[in-house]
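Protein chains: 4
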Amino acid sequence: MALKAVFLNCSLKSSEEESNTDVFIKDVQAHYEKLGVESEVIRLADYYIAFGVEEDMEDGDEWPEILELVKDADILILGTPIWLGEKSSIATQAIERLYGSSSVTNDKGQAIFYNKVGGAVITGNEDGAKHSAASILYSLSHIGFAIPPNVDAYWVGEAGPGPSYGETGGNDFSKAAIQRLAYNTYHLANMLKEHPIPAEGNTL
Amino acid sequence: MALKAVFLNCSLKSSEEESNTDVFIKDVQAHYEKLGVESEVIRLADYYIAFGVEEDMEDGDEWPEILELVKDADILILGTPIWLGEKSSIATQAIERLYGSSSVTNDKGQAIFYNKVGGAVITGNEDGAKHSAASILYSLSHIGFAIPPNVDAYWVGEAGPGPSYGETGGNDFSKAAIQRLAYNTYHLANMLKEHPIPAEGNTL
Amino acid sequence: MALKAVFLNCSLKSSEEESNTDVFIKDVQAHYEKLGVESEVIRLADYYIAFGVEEDMEDGDEWPEILELVKDADILILGTPIWLGEKSSIATQAIERLYGSSSVTNDKGQAIFYNKVGGAVITGNEDGAKHSAASILYSLSHIGFAIPPNVDAYWVGEAGPGPSYGETGGNDFSKAAIQRLAYNTYHLANMLKEHPIPAEGNTL
Amino acid sequence: MALKAVFLNCSLKSSEEESNTDVFIKDVQAHYEKLGVESEVIRLADYYIAFGVEEDMEDGDEWPEILELVKDADILILGTPIWLGEKSSIATQAIERLYGSSSVTNDKGQAIFYNKVGGAVITGNEDGAKHSAASILYSLSHIGFAIPPNVDAYWVGEAGPGPSYGETGGNDFSKAAIQRLAYNTYHLANMLKEHPIPAEGNTL
Numbered sequence: 000m001a002l003k004a005v006f007l008n009c010s011l012k013s014s015e016e017e018s019n020t021d022v023f024i025k026d027v028q029a030h031y032e033k034l035g036v037e038s039e040v041i042r043l044a045d046y047y048i049a050f051g052v053e054e055d056m057e058d059g060d061e062w063p064e065i066l067e068l069v070k071d072a073d074i075l076i077l078g079t080p081i082w083l084g085e086k087s088s089i090a091t092q093a094i095e096r097l098y099g100s101s102s103v104t105n106d107k108g109q110a111i112f113y114n115k116v117g118g119a120v121i122t123g124n125e126d127g128a129k130h131s132a133a134s135i136l137y138s139l140s141h142i143g144f145a146i147p148p149n150v151d152a153y154w155v156g157e158a159g160p161g162p163s164y165g166e167t168g169g170n171d172f173s174k175a176a177i178q179r180l181a182y183n184t185y186h187l188a189n190m191l192k193e194h195p196i197p198a199e200g201n202t203l
Numbered sequence: 000m001a002l003k004a005v006f007l008n009c010s011l012k013s014s015e016e017e018s019n020t021d022v023f024i025k026d027v028q029a030h031y032e033k034l035g036v037e038s039e040v041i042r043l044a045d046y047y048i049a050f051g052v053e054e055d056m057e058d059g060d061e062w063p064e065i066l067e068l069v070k071d072a073d074i075l076i077l078g079t080p081i082w083l084g085e086k087s088s089i090a091t092q093a094i095e096r097l098y099g100s101s102s103v104t105n106d107k108g109q110a111i112f113y114n115k116v117g118g119a120v121i122t123g124n125e126d127g128a129k130h131s132a133a134s135i136l137y138s139l140s141h142i143g144f145a146i147p148p149n150v151d152a153y154w155v156g157e158a159g160p161g162p163s164y165g166e167t168g169g170n171d172f173s174k175a176a177i178q179r180l181a182y183n184t185y186h187l188a189n190m191l192k193e194h195p196i197p198a199e200g201n202t203l
Numbered sequence: 000m001a002l003k004a005v006f007l008n009c010s011l012k013s014s015e016e017e018s019n020t021d022v023f024i025k026d027v028q029a030h031y032e033k034l035g036v037e038s039e040v041i042r043l044a045d046y047y048i049a050f051g052v053e054e055d056m057e058d059g060d061e062w063p064e065i066l067e068l069v070k071d072a073d074i075l076i077l078g079t080p081i082w083l084g085e086k087s088s089i090a091t092q093a094i095e096r097l098y099g100s101s102s103v104t105n106d107k108g109q110a111i112f113y114n115k116v117g118g119a120v121i122t123g124n125e126d127g128a129k130h131s132a133a134s135i136l137y138s139l140s141h142i143g144f145a146i147p148p149n150v151d152a153y154w155v156g157e158a159g160p161g162p163s164y165g166e167t168g169g170n171d172f173s174k175a176a177i178q179r180l181a182y183n184t185y186h187l188a189n190m191l192k193e194h195p196i197p198a199e200g201n202t203l
Numbered sequence: 000m001a002l003k004a005v006f007l008n009c010s011l012k013s014s015e016e017e018s019n020t021d022v023f024i025k026d027v028q029a030h031y032e033k034l035g036v037e038s039e040v041i042r043l044a045d046y047y048i049a050f051g052v053e054e055d056m057e058d059g060d061e062w063p064e065i066l067e068l069v070k071d072a073d074i075l076i077l078g079t080p081i082w083l084g085e086k087s088s089i090a091t092q093a094i095e096r097l098y099g100s101s102s103v104t105n106d107k108g109q110a111i112f113y114n115k116v117g118g119a120v121i122t123g124n125e126d127g128a129k130h131s132a133a134s135i136l137y138s139l140s141h142i143g144f145a146i147p148p149n150v151d152a153y154w155v156g157e158a159g160p161g162p163s164y165g166e167t168g169g170n171d172f173s174k175a176a177i178q179r180l181a182y183n184t185y186h187l188a189n190m191l192k193e194h195p196i197p198a199e200g201n202t203l
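Protein chains in written order, with numbering that gives the first Met the number 0: chain H, 0 to 203; chain R, 0 to 203; chain A, 0 to 203; chain Z, 0 to 203.
Next comes chain H alone, as it looks inside the complex (with noise of 0.2 Å):
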């Protein structure tokens, strides 16, 4: 059964408007179509999604179906804007809601997060991407997910305003990143999917 990989794009815009986080987010999806991992890419500014930290928030929150797709994946990827050297308020928000599924259990009585893996990619016009996948990275983390090594890809461009990845394609060195980031999430989750973590000493 082929891997299943979820990408929310915490872009602030709608997908009426193009989206660097996409154009970087595609990047990785080239290589997971070769690995023959499935994946879709939700962008959060398409939906309503409530404030808060219940999993249904109730009166239109579109959060509860994002979350049965998140549930249902095997890696969930995390792809954010820089703004003010920080990942965007949409992923600050998606984080919230991911952790108000922090107390609830799969059927070994363990995080429903387990046995998941979790990435981060990040892109701006400058500074903020180490940041913003740290962020990221612990709070997935902390929540239940396994974190592989090298799964922070990012592009960034020198201090300033200046031109953004769907302009510049990135460089040799977000290449490789995407690459690694790609390939270590598929790896680690083929890993947990064959042997999944033994339900002892971190039930909640």
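Please keep in mind that the hints were generated in silico from the structure rather than gathered at the bench. Each hint can be trusted.
Below, simulated DSBU-like cross-link-like pairs (lysine-lysine); rule was C-alpha separation at most 35 Å, straight line:
(1) R:70 <-> H:3
(2) H:33 <-> H:174
(3) Z:70 <-> R:12
(4) Z:192 <-> A:107
(5) Z:33 <-> Z:3
(6) H:192 <-> R:70
(7) Z:3 <-> A:192
(8) Z:70 <-> A:3
(9) R:3 <-> Z:12
(10) R:107 <-> H:33
(11) A:3 <-> Z:107
(12) H:107 <-> R:174
(13) A:3 <-> Z:192
(14) R:3 <-> H:3
Some chain R residues judged to face chain H by a derived CB distance under 8 Å, without partners named:
(15) 141
(16) 148
(17) 186
(18) 194
Rough simulated footprint, nothing fancy, chain H against chain R, three-plus residues with beta-carbon under 8 Å:
(19) 106 to 116
(20) 127 to 135
(21) 149 to 158
(22) 176 to 185
Cβ coordinates follow ideal geometry from the N, Cα and C atoms, glycine included.
Chain H is already provided as a structure; the job is to place chains R, A and Z on it using the hints.
For chains R, A and Z alone, coordinates are given in the frame of chain H:
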């Protein structure tokens, strides 16, 4: 063959003084003993560690012998106190020195820290644990360590001055976090020992 | 003419629900009343604030009316709860929207937020206050606010789940921090009102 | 009487080697010279600075003489390189040592760093400047420094390995940031010299 864990205690105090981080580490070690994991604690403040980002800064630099222990271990835990809401300067230095090996490879061409597992333990009178954990875990994952779920064990007190971990012994929350960190580093290290990450798409 | 302060309460809850951040803000306001500072609290979750980095994102975006209050104020305090060790998504969004005015200038050519004073108040069950404060205060200073000493007032409880600020009322440490934040924003705002920063070397 | 500025250069390299941070600092000093601000650069790696949080850790600790320069200055600028997206271990140590004076008061009972102005200059091959700046500026404000607007001057290159500041000399963006940092620290330091923060509501 037993798994090996190395704790780098990044307290600002040498072992002539008591370290709350050390008390915390002992609580992790108690689990490792039951699990048959051999562990060793290095109090970095006891050593002369040169500033820089080479594997060996020479002129009496004692990092190389510590690095050998890390290279030989399956699990690396950085333990740090909190100062002004962040990990200690010695923890920062330990990360700089580990980063100095980031282009060194194993016999398959992957970063030398591949197939090792990382974690963080943090104590402080108050506030700053998650920030410190995010920084440590991100840095380790960036240079090749795998980060299992729930390997950010910490205790901090209420805002403001107050008792230390050595005085309080933590609470149920920190005890559960310690257990999860010990078991999940053990589970993942075992898994990676039996099933190393394939050298496909991730060599340097 | 009295100084004006605006509090942006970045709770995830609208004002139908009680907000611990709001209780905290009231403790700051008690000082402002004695000092003759007029203050107003905006619960951002009560408004429809569009995602984006334009001053007016249109289509019903209610940020422009909030922005007017900020532009009219001498003091801006961002108040936020802590989720997973960080400021809320609404606080992140508020910063993105403020950043959207970062190239707007006053009549001397300086950034529009020059001669205004910024501060941060933070509440949470546990850990994350300093990280949140650092992010908020840095962002404000980067776009033109002056940051007085000791304007990061917070209360958090011991590690793990526990009572909220509304239940505990804080402690001596948080009370002293609240007082310093109130007085220092007042002192600096007064100073900058009487002696605005010369438009020399800092125009856009 | 001329304003005095102290730069703490937190490069990992002693002054036997060239420091990009130092080149950057010189660009700030060029403005200070025109403004009549006397300035001095301390390369911290040239000194033996003990780990700890006391004003004087004794046994050869050379921090006390550096601390005297800081106490005597009107402006303190921390300069740091970036390693793995963060300020250097020496910058972290400088903050720990400054924090060691956080309960020392001036003759009015305020923290000793009141009426001084802080700033941050940061250089790196790539990514991490804003994260480093946020940490430095927050820490300084927390212990009593005032933070003027736009005092986070930095230069970083495109993602990945690449030339350093010394080789590129920065760009228009970094030059403008350097100018704003120099002028705003000067303006605010002047203001606080003539109009010190009243000792009302903010003594320790």
